Amino acid sequence: MSKMNNMYSEKVMEHFTCPHNVGEIKEADGIGEVGSPVCGDITRVYIQVEDNIIKDIKFKTFGCSAAIASSSMLTEMAKGKTLEEALKITDADVAAALDGLPPQKMHCSNLAASALHKAIEDYQNKNNIAS
Amino acid sequence: MSKMNNMYSEKVMEHFTCPHNVGEIKEADGIGEVGSPVCGDITRVYIQVEDNIIKDIKFKTFGCSAAIASSSMLTEMAKGKTLEEALKITDADVAAALDGLPPQKMHCSNLAASALHKAIEDYQNKNNIAS
Amino acid sequence: MRRVYLDHSATTAVRPEVLEAMLPFLKEEAFGNPSSIYSYGREARKAVTEAREKVAKLIGAKPEEIYYTSGGTEADNLALMGVAAAYQERGRHIITSAIEHHAVLDTAQYLGRHGFKVTFVPVTPAGLVQVEDVKRAITDETILISIMHVNNEVGTIQPIREIGQLARERGIIFHTDAVQSVGKLPINVEELNVDLLTASSHKIYGPKGSGCLYVRKGIRIKPLFYGGAQERKRRPGTENVPAIVGFGRAAELAGQEMDSEMERLRRLRDKLIDGVLSRVEDVRLNGDRQQRVATNVNFGFSYIEGESLLLSLDMKGICASSGSACTSGSLDPSHVLLAMGIPHEEAHGSVRMTLGRDNTEADIDYVLEVLPEIVERLRAMSPLNKDNEGEAK
Amino acid sequence: MRRVYLDHSATTAVRPEVLEAMLPFLKEEAFGNPSSIYSYGREARKAVTEAREKVAKLIGAKPEEIYYTSGGTEADNLALMGVAAAYQERGRHIITSAIEHHAVLDTAQYLGRHGFKVTFVPVTPAGLVQVEDVKRAITDETILISIMHVNNEVGTIQPIREIGQLARERGIIFHTDAVQSVGKLPINVEELNVDLLTASSHKIYGPKGSGCLYVRKGIRIKPLFYGGAQERKRRPGTENVPAIVGFGRAAELAGQEMDSEMERLRRLRDKLIDGVLSRVEDVRLNGDRQQRVATNVNFGFSYIEGESLLLSLDMKGICASSGSACTSGSLDPSHVLLAMGIPHEEAHGSVRMTLGRDNTEADIDYVLEVLPEIVERLRAMSPLNKDNEGEAK
Ligand SMILES: Cc1ncc(COP(=O)(O)O)c(C=O)c1O
Ligand SMILES: Cc1ncc(COP(=O)(O)O)c(C=O)c1O
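Protein chains in written order, with the working numbering: chain X, 1 to 131; chain A, 132 to 262; chain S, 263 to 655; chain L, 656 to 1048.
The following block holds chain X by itself, in its conformation from the complex (with noise of 0.2 Å):
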């Protein structure tokens, strides 16, 4: 067991705490999942797009506190993005807006913003669109 609960930001704990934006979108454009449960983290976000922009988002998470706060932060992120906008959101940008993460979570916790590429994939295919 580890350290990681004092390396965790106000911020992630804030998120952690309140997430923002939990929940489903019924018949949503675009859904992405990322991770499996042998990681112990599953992320899995659903868009709904108008006019090419994300007009509603929201998440999924069955992971640690890390991995809950990024999502929250992620779909807070991207609500309200063109999709050109939101492709270019990385996961290092989560971490950095969440104040940092510790450096064990980055490579496992830290999956929202690749779960968004790929709903936004999965937008794109299903209405043909190039990515």
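These are calculated hints, taken from the structure and not from any lab test.
Hints may be right or wrong, so weigh each one.
Derived lysine-lysine pairs resembling DSS-like cross-links, with alpha carbons at most 25 Å apart [to be verified]:
id, chain 1, residue 1, chain 2, residue 2
1, L, LYS888, S, LYS484
2, L, LYS772, L, LYS790
3, S, LYS578, X, LYS11
4, X, LYS11, X, LYS126
Keep in mind the model is a prediction, meaning the values are calculated, not measured.
We have chain X; now place chains A, S and L with the ligands onto it with these hints.
Just chains A, S and L with the ligands now, kept in the frame of chain X:
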């Protein structure tokens, strides 16, 4: 460094603090010495013999508290005894009379009886007595 | 906020009586080096000897069979490495189990990389080593069997006496890591047929920094390291006198109070187990319910991950621990739960709560009030939650 | 009776300020396991980190270069065994000195029995290692040089910076056992050119049960034993938090007070040396008078044996130690004194008095009053005393 001090009996401490018969006998009838500086323990016993009896006995010891106490005790035990009786005193007898000695002290710091035996031998040699 | 400490298997606070016994050996009064011959040293020496008697008594050993170490980890290593080095001419096969603490497991693996063959016997889904499996693993080359007494994660009590009997019949040395059973189960090294036994002070309300290895008279071990003549050259270095004195006092108190205290904790444990099982769905008690130490509870909550559960509990003042990989920095969750055949995602969602002397019935009531809410909240966020998905669609 | 403790090189009492810093980590307040993620654990983790910074600062190292151990002996072993195991492919020759503490000496001898060649460089009659001798001992196979900073028996300060320079030029790893210099001499691992350095808490008014090995970034070491991930896997086992916190506080105080305190002790030391040399005949100061730590006095009294001298001093309330074989259970007196060329019988009659913060000028006056009488009394019993015999005849 070790723990012998709490193992010393009160008898040992008594004889170490106020040893009996310290010193030399000028023109002694017999002198015996055992031990070596390497071992850190040398005991020399001087005897004065009259009518086959140990009239006077003195010792000098370079050694630890156990060695000094053993010498003191030995001289007390031997004084007034016939040579035959004195030859029967063993190092183990001396240790027993001191209410025991710590195990690591038995082989090295408990040589007084041996020194006495040598002193008696010396006396017998000088006086051509077969032992 | 109420603070409920439920991680007594990780470490415990030093009891006031124990601290009181230690203090003179920290301060001017009696801080001396036990190897010295003057009075300060004598007092320290005497105290170390008395503590040795107390520790020995708790496990039915002779004082001269106790070797102090810095803790359980070092004692486990001394047992395995010490026996391996001393008996390697006789054979190079070691048997241990898949659910040992890392102090045994990693050491066995180290030996496995350095000329020894190691068999890790499996466990049942309930977390129990089977004597038959140990028996089957024995070869002519087997010099050592090391099976823990009580598992630190799921609290299961292993059949030590039977394995010891088997080892004895075959002339094999038998070690048990009893860090989680000392002070919690009656232990007698004769009745249990063990040759070496590990104990740790800070698990029984003694200070950190002390532990011991019991080594049956006649069994040889090589030291882990070299220096002064302390602990009859098996464990050199200035003795940690205050910690040793504290360990002794803690052992004494543990022996005196064991029966009544374990009865009390068993009741609290059962209340906690039954309460959670009846209030929360999709939860499983990890580890055998019968062959279980009085202090251990370990739940697997489906659909959620342990670290976020722990942190949520901590925010409510409840200290627990988890088999989650996310608390260990590695990717795999608890090797113990995996060895019991629990799937990865379920293992990630496990939480251990271990009871101790400061826990009361009110503590358990509080946990039973708080825990179900937290589980519900986290499950609502989880993509694995089947019910949840059903609703959503 | 006055009690004068003059064995500060053996061990010291925990300072009140240090004890105060430790107490919360023993009691309910903050006893947690630093590996846990809940609040109790966080406090412990933070305290361990802060202590690491304090210890690092005292020797001019970075916090992440400090590995806590259970004490000096373990740290010395970790240095020698750890480097030997990690670099054995590069070469199998180790250089150390004839006057090291047993924690280095015996470990080097162990390695000498297990595939390594070990050279023990000699010392001068004043107890000093000569850089030239180290230089001559170097071969293409040399992977490690280990020379202590200050000798524990005679207090001599070794030319560490020069040996470090030499090692660096030859690409050889350099370890110094600084147990007797930390807190007594200014130490900066950069300026001293050392790659590994051993320190021990209980020699600087910290608690027993903690010490550390400084390992320069980039130097590899293999652990002595296996288990949890503590100390970046170099030293597994639940951290001894109270002892670590105490070690940190002790290091901090030692750094703050070193200059003035060592000046004070140097004066007391010189008073004791000059006083004894002028009052007692046939006495020799063992160890160089100039290259000497401020706290050490070591006399050789001809014609008498150390243990009886120690016991006599103890009866007067004075705690000292001795190079006498009679205090070690072995036949040979101190290997340090013998390596300095002192004859056996003289070595047997040596006494070490090491000063510390509780010593006052009045203590020295008392020793100067009592010691000559004791020496005289014991000499009167000695068959080696030439004067004495002269008189008697
Ligand atoms: C079963 C078991 N063995 C060994 C250990 C290691 O003990 P310590 O923390 O005293 O090194 C522990 C505790 O962490 C344990 O639970
Ligand atoms: C020079 C030296 N090295 C190592 C040690 C061993 O330290 P510890 O007693 O902390 O194991 C000592 C003290 O005994 C020492 O003086």
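We went through each hint and held it up to the structure:
1. For the hint linking L:LYS888 to S:LYS484, the alpha-carbon distance of about 23 Å falls within 25 Å, and the restraint holds.
2. Restraint check: the Cα-Cα separation between L:LYS772 and L:LYS790 comes to about 16 Å, which is no more than 25 Å; the hinted pair holds.
3. For the proposed pair S:LYS578 and X:LYS11, the alpha carbon gap of about 19 Å is at most 25 Å, so the pair holds.
4. A hinted pair counts as satisfied when its Cα atoms are at most 25 Å apart, and X:LYS11 with X:LYS126 does not qualify at roughly 35 Å.
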